[in-house]
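Those protein sequences? They're chains Y and G, same order as listed. The first sequence begins at 0 in numbering that gives the first Met the number 0 and counts up by one. The second sequence begins at 0 in numbering that gives the first Met the number 0 and counts up by one.
To be clear, the hints were calculated from the coordinates, so they are not data collected in a lab. Small disclaimer: the values here were computed from a predicted structure and weren't measured. Do not rely on the hints blindly, as some may be mistaken.
[To be verified] No farther apart than 20 Å at their CA atoms in a straight line, the calculated lysine to any residue pairs in the SDA-like style are these:
| no. | chain 1 | residue 1 | chain 2 | residue 2 |
| --- | --- | --- | --- | --- |
| 1 | Y | 63 | Y | 7 |
| 2 | G | 9 | Y | 3 |
| 3 | G | 39 | Y | 70 |
| 4 | G | 9 | Y | 42 |
| 5 | Y | 39 | Y | 72 |
| 6 | Y | 31 | G | 51 |
| 7 | Y | 50 | Y | 62 |
| 8 | G | 1 | Y | 17 |
| 9 | Y | 50 | G | 33 |
| 10 | G | 1 | G | 75 |
| 11 | Y | 39 | G | 76 |
| 12 | G | 1 | Y | 34 |
| 13 | Y | 39 | G | 10 |
| 14 | G | 1 | Y | 19 |
| 15 | G | 50 | Y | 25 |
[Stated by the list, open to error] Computed spacing ranges between beta-carbons, pair by pair:
| no. | chain 1 | residue 1 | chain 2 | residue 2 | range |
| --- | --- | --- | --- | --- | --- |
| 16 | G | 25 | Y | 69 | 17 to 27 Å |
| 17 | Y | 68 | G | 51 | 33 to 43 Å |
| 18 | Y | 59 | G | 47 | 37 to 47 Å |
| 19 | G | 47 | Y | 1 | 34 to 44 Å |
| 20 | Y | 27 | G | 31 | 36 to 46 Å |
| 21 | Y | 22 | G | 68 | 21 to 31 Å |
| 22 | Y | 34 | G | 25 | 29 to 39 Å |
| 23 | G | 25 | Y | 72 | 21 to 31 Å |
| 24 | Y | 62 | G | 31 | 14 to 24 Å |
| 25 | Y | 59 | G | 49 | 38 to 48 Å |
| 26 | G | 47 | Y | 44 | 40 to 50 Å |
Ideal placement from N, C-alpha and C gives every residue a C-beta, glycine not left out.
2 protein chains.
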Amino acid sequence: MKALVIIRLKDGILDPQGEAVRQAVRALDKAKVSNVRIGKIIEIEFDGVDKGSAEASVKAMCDKLLANPVTEDYQIVDIS
Amino acid sequence: MKALVIIRLKDGILDPQGEAVRQAVRALDKAKVSNVRIGKIIEIEFDGVDKGSAEASVKAMCDKLLANPVTEDYQIVDIS
Numbered sequence: 000m001k002a003l004v005i006i007r008l009k010d011g012i013l014d015p016q017g018e019a020v021r022q023a024v025r026a027l028d029k030a031k032v033s034n035v036r037i038g039k040i041i042e043i044e045f046d047g048v049d050k051g052s053a054e055a056s057v058k059a060m061c062d063k064l065l066a067n068p069v070t071e072d073y074q075i076v077d078i079s
Numbered sequence: 000m001k002a003l004v005i006i007r008l009k010d011g012i013l014d015p016q017g018e019a020v021r022q023a024v025r026a027l028d029k030a031k032v033s034n035v036r037i038g039k040i041i042e043i044e045f046d047g048v049d050k051g052s053a054e055a056s057v058k059a060m061c062d063k064l065l066a067n068p069v070t071e072d073y074q075i076v077d078i079s
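Could you put together the complete structure from these sequences and hints?
In structure tokens form, the structure reads like this:
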């Protein structure tokens with residue numbers, strides 16, 4: 000069982016890493032890049048766990064450990 | 000026009016950040032987590048660019064700037 004979680008900064012939260020990339024990219028090839036946001040994608044593999052308990056487990060991890068609820072949103076995109 | 004790029008460590012490349020998360024997660028709720036891999040997800044917004052040139056631009060950025068071709072793979076998941 001494999002779960003895929005995306006963690007993004009909330010809208011309105013400044014993303015200095017994304018801003019640095021935006022500036023580097025503009026210098027690179029003058030592309031009309033207006034905004035860059037960088038998030039994390041986390042792949043979690045489970046051993047011998049059914050889908051329901053994997054999902055519950057992933058939710059608990061995101062709430063308690065992986066995402067900062069003040070600044071970040073998480074999204075469980077796939078469990079299979 | 001918005002592009003979504005996922006950058007992951009190649010298989011076989013050690014992921015210390017993922018390993019740290021795996022250990023923390025096991026301590027958290029004794030979930031049977033066998034492996035955790037952490038990658039980046041990058042959202043790039045373009046102003047007034049058509050899909051073709053946005054795609055070429057994103058490819059160039061990934062090759063030259065965003066991904067390290069020795070240790071990382073990138074995947075352009077969506078341009079719309």
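Quick rundown of the hints versus the structure:
no.	hint	verdict
1	Y:63 x Y:7	holds, 16 Å
2	G:9 x Y:3	holds, 16 Å
3	G:39 x Y:70	holds, 17 Å
4	G:9 x Y:42	holds, 13 Å
5	Y:39 x Y:72	holds, 11 Å
6	Y:31 x G:51	holds, 14 Å
7	Y:50 x Y:62	holds, 18 Å
8	G:1 x Y:17	holds, 14 Å
9	Y:50 x G:33	holds, 15 Å
10	G:1 x G:75	holds, 11 Å
11	Y:39 x G:76	holds, 15 Å
12	G:1 x Y:34	holds, 9 Å
13	Y:39 x G:10	holds, 17 Å
14	G:1 x Y:19	holds, 18 Å
15	G:50 x Y:25	holds, 18 Å
16	G:25 x Y:69: 17 to 27 Å	holds, 25 Å
17	Y:68 x G:51: 33 to 43 Å	holds, 39 Å
18	Y:59 x G:47: 37 to 47 Å	holds, 44 Å
19	G:47 x Y:1: 34 to 44 Å	holds, 39 Å
20	Y:27 x G:31: 36 to 46 Å	holds, 44 Å
21	Y:22 x G:68: 21 to 31 Å	holds, 22 Å
22	Y:34 x G:25: 29 to 39 Å	holds, 37 Å
23	G:25 x Y:72: 21 to 31 Å	holds, 25 Å
24	Y:62 x G:31: 14 to 24 Å	holds, 19 Å
25	Y:59 x G:49: 38 to 48 Å	holds, 44 Å
26	G:47 x Y:44: 40 to 50 Å	holds, 42 Å
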